[in-house]
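Given chain L's structure and the hints, the job is docking chain Z onto it.
Listed below are the residues making up each chain.
2 protein chains.
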Amino acid sequence: MAPHKAPDASRRSDRSRRAIYDAALALVGENGYRRTTIEGIAARAGVGKQTIYRWWPSKAAVLMEAFLDLAARAAEQAVPEGAAVSQGGGEYGIPDTGDLAADLKLVLRATVDELNDPLMEAPTRALTAEGIVDAKLGAEFIEKLLDPQLALYVTRLRAAQEAGHLRADADPRIALELLIAPLTHRWLLRTLPLTHAYADTIVDYALGGLTPRP
Amino acid sequence: MAPHKAPDASRRSDRSRRAIYDAALALVGENGYRRTTIEGIAARAGVGKQTIYRWWPSKAAVLMEAFLDLAARAAEQAVPEGAAVSQGGGEYGIPDTGDLAADLKLVLRATVDELNDPLMEAPTRALTAEGIVDAKLGAEFIEKLLDPQLALYVTRLRAAQEAGHLRADADPRIALELLIAPLTHRWLLRTLPLTHAYADTIVDYALGGLTPRP
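Residue numbers (full-length UniProt numbering), protein chains in the order written: chain L, 1 to 214; chain Z, 1 to 214.
So here's chain L without its partners, still in its complex pose (with noise of 0.2 Å):
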């Protein structure tokens, strides 16, 4: 018996995980972060509180967790088999073909595809909605979930400038707001639809500029 109890408790509690995931995320979507509660999630979950307090310090340690659980699987969905490059720890590279706008517009339909995704949308909103009055929570948010992926545009634009794809002088960290701000803005403000459309002019006008090429 005793090789089993291991591998058993291991399951038992990664189901214990994803439904408590699944509770943070739903409630947080039903209700917004503030009335999101522990013991709410406890009770959606079906765990004792103390399962929750054992493994995270706060709801915001627990909801932080559930987005990147959730964003590694929509990034697994949304991107196309072979697209994504894993650079170790769960996190998705941007593909680099040595074609810079072919590889953005791959990745940023898929990021419209993860915003657009119903299942992310409304504990997304809610995250980022509290974010934006919650200085603290909204660093926290920037820092755990934002930052990882705006890493990855630094070093794809990184290699792109290396190979004289990218301007000599332009600083990647702002030359990747350019590119993902504005799908941001359509998406967390409903301006208007944001489409793969969308995505594919914001790469073209971001690289080729607004003023005419002699």
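Some hints could be false.
Stretches of chain Z that chain L covers, calculated by requiring three or more beta carbons in the stretch to come under 8 Å of a beta carbon on chain L [as the list claims (entries may be wrong)]:
#1 36-49
#2 105-117
#3 120-133
#4 160-167
With a straight-line cut-off of 30 Å between C-alpha atoms, the simulated BS3-like cross-links for lysine-lysine are [said to hold, decoys possible]:
#5 Z:Lys136 / L:Lys136
#6 Z:Lys59 / L:Lys136
#7 Z:Lys59 / Z:Lys136
#8 Z:Lys136 / Z:Lys49
#9 Z:Lys136 / L:Lys59
Since the hints were made in silico from the structure, they are not lab data. These numbers come from a predicted model, not from an experiment. Glycine included, every Cβ here is placed at the ideal spot set by N, Cα and C.
Then chain Z, alone, in the frame of chain L:
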């Protein structure tokens, strides 16, 4: 006495209106959109609840007007004298000196100042956060507050296009998003400092493009 009656009433109205705007913005900044009530605004403004209900149909309507008023006052302060072109109805246009980059930098620097203004900060964040989770309020916010501003960019970019300073195949409504979305992104998510130098860089990158020019 009769000739003075109307102006006195009008002055009283103006004072009440200003007090109501100030109270509404202060409360939404302190407590968020949902916990702000007509009753609370009336109490803070020192007016009767009925005064507010006589002038506005809803809490959202009071707040929209308070923001329109605040934005108009901030624009008057932030844009250097002579730079803003009144377009009637109290709206400010983007100057057209024939130098697109300089005109955009002027306006985006003024936007940076507005976004960093402590008076604007808390209420604007609270309203934006609520619009992100409440689609109906968000749509009203976009229609009444954001779209009129975006229209000014479309006008200026179209003029640039006619003057041959903007790519003939660029859609001004999309092009403007490369300029304003990065500023909104930094401000909302607090990723990195929002400065004049950043505004200038965004204009340079968006107009010139990220790929090397031959």
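Against the structure, the hints:
1. 36-49: It is violated, with 0 qualifying residues against the three required.
2. 105-117: That given contact is violated, which follows from only 0 residues of the stretch 105-117 of chain Z lying within Cβ reach (below 8 Å) of chain L.
3. 120-133: This one holds; 8 residues, not fewer than the three required, reach chain L with a Cβ under 8 Å.
4. 160-167: holds (count 4)
5. Z:Lys136 / L:Lys136: This hinted pair holds, its Cα atoms lying about 28 Å apart.
6. Z:Lys59 / L:Lys136: holds, 28 Å
7. Z:Lys59 / Z:Lys136: holds, 13 Å
8. Z:Lys136 / Z:Lys49: Holds, because 25 Å separates the two Cα atoms, which is no more than 30 Å.
9. Z:Lys136 / L:Lys59: holds, 28 Å
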